[in-house]
Amino acid sequence: MSLLQISDPSKTNDELKKFVVGIDLGTTNSLVATYYEDCDIFDDRLKVYKDNSSGLIPSVVSIDQSGNIMVGVEAVNNLDKTNTTYISSIKRIMGLSYQDMKSIEFINDLKIINGKNNLPYIDVYNNRYSAVEISSKILSHLKKIAESQENKSLDGAVITVPAYFNDVQRQATKNAAKLSGINVLRLLNEPTAAALAYGLESEETGSFIVYDFGGGTFDVSVLSLEKGLFKVLSTDGDTNLGGDDIDNILSYWLIDNFLFLKNYKFSKVKEIAKSLKESISSINDDECSSITIDNHDIVLPKKIFHELINPILDRTFNIVKNAIFESKLAPADIKNIILVGGSTRIKCIKELLTNKFKCNVLNDIDPDKVVAHGAAIQASLLSGNNKENILLLDVLPLSLGIETYGGLAEKIITRNTPIPIKLRKTFTTFKDGQSKLLINVVQGERELVEDCNSLGEFILKDIPSMVAGGPRIDVDFQIDADGILSVSATETTTGNSSFIEIKPSYGLTEADITRMINESNNSAEVDVQLRKLNESIVEGKRVIYALEQALKSDGKELLSKDEFNIITDKLQSLKLSITSEDSVLIEKNINELEKESEFYVERRMNNSIKSFIAGKGIDDIL
Amino acid sequence: MDILKKNFFELFNIDIAVDINKSELDEKVKALQIKFHPDKFASGSDVEKRLALQLSSHINDGYKILSDIVLRIEYILKINNFVKDESKTINDASFLQEQIEYNELEESLKEHYDDDLVRNHLNKIKLLLKNSIEDIKLSFKSKDYETMWQHLSKLRFYIKNINNLIKMRKS
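In order, the protein sequence lines correspond to chains A and B.
Counting in the working numbering, the first sequence runs from 103 upward without gaps.
Counting in the working numbering, the second sequence runs from 2 upward without gaps.
No lab work stands behind these hints: they were computed from the structure.
Heads up, some of the hints might be wrong.
Here are the simulated DSS-like pairs of lysine-lysine, each with C-alpha atoms no more than 25 Å apart in a straight line [as the list claims (entries may be wrong)]: (1) B:K161 <-> A:K527; (2) B:K65 <-> A:K513; (3) A:K513 <-> A:K524; (4) A:K280 <-> A:K246; (5) B:K31 <-> B:K41; (6) B:K50 <-> A:K276; (7) B:K131 <-> A:K430; (8) B:K50 <-> A:K643; (9) A:K329 <-> A:K643; (10) B:K127 <-> A:K430; (11) B:K50 <-> A:K527.
Small disclaimer: the values here were computed from a predicted structure and weren't measured.
The shape of chain A in the complex, shown without the other chains:
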């Protein structure tokens, strides 16, 4: 039985309010949070959902011999259990090929095998799991926690990714979300999310650096914050540099200096390293951090700790310098550095940054929560729950190129270009009657294709038979606001939309994902039907509401009488079908209405931009 909803009459369309969350899918820990834009008490606006009493949910999955899967706090409790495999830091291998993996430090006790299409799989008692699947287990867990605490089903989520993630890594994250049944409103770059949280809290303007040092990734973004607009000027980073590396270095040092640890699982030594690291910031420079393990005293002098981590910190500082250079700002223009990520809890980072870059270092918002905080705000903005006029403009983190003769990568969209962006390139054939063309799309800054990351091969088929150089094939490379590429092509002499086949260089194909979703969909058929019906009713109501508002404001102006009638007829049919409890019918009517009103939407958009150009200044819309 559901409770009768009593809505506040001062708030219109409360029933259209959506349950949306921000998800910080971290290497070490993940968070899921929602933002109450209407809440009067500022501190209560962010609600972080807890897994057992902790909002920081370990990004850990454990799988036992009979295939039972545990996630989060429960999985961590299985660390010492026999016949159980413990998978952590999965984010580090998201979107990587088997070959890529060899070049990074992904150290644990896992058995990694090379699967279909060069994709690395984790072999757990003869079951194979891809990084996308493991990541989707974490996302499902986060979804479940939020849904069960709100007793509502989730309408959508903003999921954060490192700014420096490439197209394949972004796509992998989106696929993981798809697998866990989450509707992704947007992939948001982690430093941008943090800047959003800070920008709204402090209402400060000017140029900022976000220094985001997480468990497994390091990101830096330079942003300019002004009223209503958060604009990323440049971004740089290393998707394989994080607190994990500090733990690894410490673990090696521990094994070298405390020989009894040689008999321990590496993951156990790493836990010891972590707790030493966490306690070291609270002691004086000439003191030691210590811990007792199985009657052995382990001591780590703070001096040695600093010596060990210095090379890693220097790498991060060089990346910051490069990002400032790319932003075209003078170092003196930068006002503040925002600290994000658990690794910035290491105290000396703040001191070193203040000295090196001569600006204010901010860490007022909990560095573990700030990314989820920003993501939750963005989710409420995108869902329309939050009507504030704020826009985030982000950039492409890595240049996009195509392979040309001799294995060279020709850049077609350079990094730090604002997104979304579209680029058109015209190709032709070099043999008479050639019917296929292959385009290898790569991402990265290096000149040779082999040093860049291949995003996939696009095969243009059914090119009309002509002499060499005859066909003109326009290929559009569209990067959307998530930083994800899509490619389309048209042969312009005949007007044919050439058929494109996309072959990812490695990883999962669209078909793989669909199959996996079907396999995992083992919930009862009735539930699925009911959920579908609810979704289509909500969607139908949304479409009706939007269209009625539009018709009221300019329907008479922009539509002829006939056009107006056709649309209102379709609108009526949709309204009637909403009460029918038939999701197929509702969806059919939604599609028909959207198709029938497409020209009207286009006309409205055209019209609004025209009147916009004609007069109004920026003050009118803020």
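Could you slot chain B onto chain A? The hints should help.
Then chain B, alone, in the frame of chain A:
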């Protein structure tokens, strides 16, 4: 959308000119993005989302072109339907001489770096660059696109040289 067929100067409602007011352009682009970015249609219909993506990409593309002097001049030539085969070189003996001299300079600097020499040349080229922009403006005024195109080739050459010399100074 027929708005996509307008040229970028029309889209941003600024005059077609070789020189532009950068802060005015920034403001116009900002205002358009705040209104038409796909995020503003995230809970809209698929049609709206698609149109916003197109429009927003178009705005970013226009900003990129209009805020870069070389791309902007190329674009002015394009909207005036002036198309030139880029593989053809211009027929200007004194410019050819300049190119030869510059190449010799770069060669000699690679062998023996001389910071004073680089600084002198930077100043010299900056002056040439200024002059070429003035020439471009004049030819644009008289709608002499052929001459405008020729001066554009010089402008490109000067910009490239300045960047190379600055790079040398840095390393």
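How the hints compare with the structure:
no.	hint	verdict
1	B:K161 <-> A:K527	24 Å, holds
2	B:K65 <-> A:K513	16 Å, holds
3	A:K513 <-> A:K524	14 Å, holds
4	A:K280 <-> A:K246	15 Å, holds
5	B:K31 <-> B:K41	14 Å, holds
6	B:K50 <-> A:K276	18 Å, holds
7	B:K131 <-> A:K430	22 Å, holds
8	B:K50 <-> A:K643	18 Å, holds
9	A:K329 <-> A:K643	33 Å, violated
10	B:K127 <-> A:K430	20 Å, holds
11	B:K50 <-> A:K527	24 Å, holds
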